[in-house]
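Residue numbers (UniProt numbering), protein chains in the order written: chain A, 1 to 205; chain B, 1 to 205; chain C, 1 to 205.
Incorrect hints may appear among the rest.
The list cannot tell twin chains apart, which means a pair is met if one copy fits it or any two copies do.
Only pairs whose alpha carbons sit at most 20 Å apart, straight line, appear in this in silico SDA-like list of lysine to any residue [stated by the list, open to error]:
1. LYS177 - LEU124
2. LYS177 - GLY165
3. LYS46 - ARG28
4. LYS177 - ASN137
5. LYS177 - ARG158
6. LYS203 - ASN63
7. LYS136 - SER11
By construction, these hints were calculated from the structure, which means they are not laboratory data. Note that the coordinates shown come from a computational prediction; the quantities given were computed from them, not determined experimentally.
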Amino acid sequence: MRLRLTPREDSYYELFAYSANNLVTASRLLVEIISDGSDREALAEKMRACEHAGDERTHAIMNRLNESFITPFDREDIYRLAANLDDVMDYMEAAADMIVLYQVEHLPKEVVRQVEVLERAAELTAEAMPRLRSMKNLTEYWIEINRLENQADQVYRRLLARLFGGEYDALTVMKMKDIVEQLEMAADGFEHVANTIESIAVKES
Amino acid sequence: MRLRLTPREDSYYELFAYSANNLVTASRLLVEIISDGSDREALAEKMRACEHAGDERTHAIMNRLNESFITPFDREDIYRLAANLDDVMDYMEAAADMIVLYQVEHLPKEVVRQVEVLERAAELTAEAMPRLRSMKNLTEYWIEINRLENQADQVYRRLLARLFGGEYDALTVMKMKDIVEQLEMAADGFEHVANTIESIAVKES
Amino acid sequence: MRLRLTPREDSYYELFAYSANNLVTASRLLVEIISDGSDREALAEKMRACEHAGDERTHAIMNRLNESFITPFDREDIYRLAANLDDVMDYMEAAADMIVLYQVEHLPKEVVRQVEVLERAAELTAEAMPRLRSMKNLTEYWIEINRLENQADQVYRRLLARLFGGEYDALTVMKMKDIVEQLEMAADGFEHVANTIESIAVKES
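Between the sequences and the hints, there should be enough to build the whole structure, so can you do that?
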């Protein structure tokens, strides 16, 4: 027998909501970082702070999980959801860090599109989190995330074709490819979050 | 207590068989794509159709799993096997897509060997699937898959040495490396499928 | 009810201790391989032998796990710990193999620092393994591993900045990047081992 929604369990929801809102902040930092004339170093520093704050919540979820006998839904799903959210943060932080580290002056304009998709996916994920309590009205969320992920995929492949199109020298291609790969993994990561939530919702329905 | 082989569970076997046969189709499309003079765009389109059909079966397995109380073997193993088969499909589709996207004219001849190994691994996997019901005669299958994976590994490393040998310019190396890495991950993926099946068979024996 | 520390279970501890000690050996082989004037081919051969020996233990753990009803701690954690240790070995072996395969003459001096961190992490991991029986005094171990992983991360990012700094041609950058990425994944892998052990310890406490 599982008990639900006692105060103790509630805080899983709060921790997940925090992690998802943190991804919205991170995606907006990415939008700024890729804008011309931004202070990239300062923004990458803020991104690192974001990631550390996220790490603390992930750690809090894992500790709570290891200590609890009663969880609001399957332990393995809680673990997976926390790990999925954490992965997205890591990819976004790595992208920001590489942009500074590699001193890439000007990114192809398709990267703006990539980052916009991430921002939208982060917003949708943050909006969906409070609905985990009732497990209602989640269908639209994961359909939309899957649609966004397909869009991100199209943008990513066009980006690869452009990078290899002869416009850039090999070293620049390598640097940019590293960055856009991290952004693509972040987009995939949002889909993993949505898949985990779908899987939880189906079991609970 | 677990009940076995009721009609409801049977369809897991059918879904796995479908996924494995789909990998045979995909591997043969790869053989064609890397042949000189083939219509690569049309073949990559067929590959995408293959991948979509596979995705639907993976989704059907996951949904059934979330809704079922009784499963023919461990839930986690069913989940893992479905995910493993899906991963192989994704790697093969990505390789096909990159060959078209990067407009790589002529691939090194070792790639033919890589793809032949994938075709053989796909055939063995498809032949093994019906034996999941009885859990008999699976030993040879995974020994042979492990042997093939070692072979694939040798071919892959020779390919890397060749790519870096000075014959190609840096951009061409990057493109080809992306492609042969996907093929190598597909070969690894077949080993993951075999490991999961071995693990299921040991538990059931 | 779980029974503990019967002779049969003990051997999980022995197998884990073996795997961890094997990582110490492997890290020392890496130290030698990157030293000037070493016989790299012979050392890479020893590394392969190390990896095969490790594979056998991983396989023994998995088999025992599939056949056992009683385990000293959660099955999933045993599985994860064995897989985590195996991953670290694979990354170190791949790095050694690439150094030989790519015929990289002289690696940047930061690689020495990367490998020293791996050696220290391997030693700490091997020292921690016997403490799995009592689950005592593990806190320092994972704090120290996390500190080392942060250090490795700093070294890795400095290495990437250097590789892209214009000192090397594109093909050399690609080769070296492949190698330092494997070393970085090995460092991450030690953190995954420590996280799994932390998770086990929290449950058992």
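Which numbered hints turn out to be false for this structure? Failing hints, ascending: 1, 4.
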